[in-house]
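All chains, full assembly: derive it from the sequences and hints.
There are 2 protein chains.
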Amino acid sequence: MDRKVIRVGMLGLGTVGSGVLQVLTQNGEEITGKLGSRLEVKKIVVRDVSKKRGVGVDPSLLTDKPEDVLDDPEIDIVVEVMGGVEETRHLITRALENGKYVVTANKDLLAQYGADLLQVAGAHGKNIYYEASVGGGIPLIRPLKRCLAANRILSLRGIINGTTNYILTQMSREGKEFEEALSEAQAKGFAEADPSSDLEGRDASYKLAILASLAFSSRINLADIYVEGISEVKLRDIRYAAELGYAVKLLAMAEENDHGLKLRVHPVLIPLTHPLAAVSNEFNAIFLNGDAVGEVMFYGRGAGSLPTASAVCADIIDAARNIKHQVENGIVEATFGEKPVIPIAEQVSCFYLRLKAKDQPGVFASLATAFGDARVSLDMIIQKRSDAETAEIVLVTHGVSEGSFGQAIAEIKAMPAIKSINSILRVMER
Amino acid sequence: MDRKVIRVGMLGLGTVGSGVLQVLTQNGEEITGKLGSRLEVKKIVVRDVSKKRGVGVDPSLLTDKPEDVLDDPEIDIVVEVMGGVEETRHLITRALENGKYVVTANKDLLAQYGADLLQVAGAHGKNIYYEASVGGGIPLIRPLKRCLAANRILSLRGIINGTTNYILTQMSREGKEFEEALSEAQAKGFAEADPSSDLEGRDASYKLAILASLAFSSRINLADIYVEGISEVKLRDIRYAAELGYAVKLLAMAEENDHGLKLRVHPVLIPLTHPLAAVSNEFNAIFLNGDAVGEVMFYGRGAGSLPTASAVCADIIDAARNIKHQVENGIVEATFGEKPVIPIAEQVSCFYLRLKAKDQPGVFASLATAFGDARVSLDMIIQKRSDAETAEIVLVTHGVSEGSFGQAIAEIKAMPAIKSINSILRVMER
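Same order as they appear, the protein sequences are chains A and B.
Residue numbers are given in this note's numbering: position 399 of the first sequence equals residue 395, and the series is strictly consecutive.
Residue numbers are given in this note's numbering: position 404 of the second sequence equals residue 400, and the series is strictly consecutive.
There are no misleading hints in this set.
Pairs count within a copy or across copies, as identical chains cannot be separated in the list.
Result set (SDA-like, lysine to any residue): computed pairs, CA atoms no more than 25 Å apart in a straight line:
(1) 320 x 213
(2) 230 x 425
(3) 30 x 116
(4) 352 x 171
(5) 335 x 24
Just so you know, the hints here were simulated from the structure itself, not pulled from any lab data.
Given below as structure tokens:
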């Protein structure tokens, strides 16, 4: 079946949808050349067909009835770029049941129902493509599934939320406080009006669930990911970190050892010599460690209309290739098991701690004793005078179990000479 | 045809071949899980079957007769990791004619005969996979062919030779001169006993030919690539570059405009803020600009037994998938045209120039006049006293045609006050 035309139906025509239309139009000739078939967008489902659209959208393509796409036997590929979870899930299920390939950029949906949807796809001999769900245009899903297929992935660490990375970069480079950097990110369109999902690390945890699932061939429950956002990161800490040779980034991390998976999203002090430390502003990067390939990193724009459309269109082309060649392969994810997850309390971290203490003899000795009692060994120390009676102390520990560290902190908090514990952050080992 | 076992024959068992065998063994279970079939290495062609091999090679697999692999109808995939060009080309041609898929890591062969071999493959409904030919384990070929398929690639710039990058990094970080850094690279196994192909940029030009061919859907003749190596790069220039905010790297670059392709390999001063500037030692990275995706970078180990084996094995798995599903697609390269190439003399560059002049009034004015006459405008200037009578002058120009710059240099050389022109390097625009 060598088809001359392969027909695409779209659900949604927002930022990403418009980008998809633009890419398919402006690079249509090249795509036809590479694919050997022409891609034709036949219908686009929108909420309001009368709304004014940008140039280049033929109004006759628009409909407000999802069935015009889902039930049209001429449409081979359904591209979901409308967002949302519950309604969208039902539309995608129906598309798969009707024998269509599905391309989606919807990380929220995939993180929550990805395994179920992949099972529906498998049952109908079709597939779901989701390259655009993580890292925008950066190739990640396909490299994990194909290019690194011969590797056991040991760990992955990613800057996969552009909003928080933009804010942290601005704090670090321009000396802005969190609130100011956030307002600027909102003004530039790098942060949404309600930025809580980004700032609190939820967005990154969805993306981590998708990546870790593929990297470790395991279903991931969102509840198993330890998540901490960046709203407690102070400019003061970013400056101390720089003094100690670190950049502060929100990292999504996954790692496997003999006991199971470690899954976490939180701010991390990254050594300035590490390639991830140089990833700035709205850029994303994912750093992987495979048993054969060693360290690899993928870097690029993690969001935006055209970068995301680049990934969506690559998926459409892949789906079209499989339709041309009648291949229904690659549904490996549907068969994933569920690996045990190691709770955060049982994991080992290095910590950065900033506190204020009375500037009097013996304070540091008692601090050191508290750490020693909890078997926490110290790597770096800065002590500065804060005012006449107060010293500000910054410490970086060697690797220690989260439990032992918590115990040391409880003991320190109870010491009369300690005025306040101002910041606790985790540190990537050099 | 859902095959339980897919059989592999290998040509060669050197560094990369041993790595392939190791990866297929240690991750065999995972690979079978992902592929749904078991990969079995049936025969390995070596020059000397009696030579002592590392652990884990079953001697009964070894043969010194290529026909034991090429003509065995049970073998589906031929993995070429023996290197060399002429003999290897004939062996691969025979494998394709016998209906086998071919996986190769051989950049020299591909840069010279890739288009012909892909045509043979196409004629027999088979394919050649060559992910490992550029960038070792870094996924590059597949991302270019698949993940960025919807993009028109505007430009690519890569650090794709680990030897030269190791040497330049050591010169820059440890203050070593070229010769010392080269000896050390040889001692550490990052440079060969005869390093000329690496140092003179030939190795990088082969890899560039492969990448540019895919990126711009055009056959590339090696003779069309302008190539300059690193043996003229002085520690002194690396230090001046750092003072001006640049790192010196050997870059392979390709770019397309309305008139054709620009293809070049030479040392470049890269702004320290550019992600490529942070790629150090034996690491490789390729920075791409696509019209939809924007800037993306792929980073990792560009050589070594296991990283290269990671890419070879990914290709084997892909070939096996296509055999399972009887797909003979993806031979887009065989249909490439040949785009015009813009000669270096017609290209525009920014230049770094270091020279010595008599320390006397009016010298700088006459230099500036010479540049002005040739319409070369200056971006940065450093002048230092070299000895009592000599000033060392370092200049960075704005973009200028290579022809105009050559004209200015000829004029300057003829000036009595100019003692010597010590270095000319090109500069990446900020």
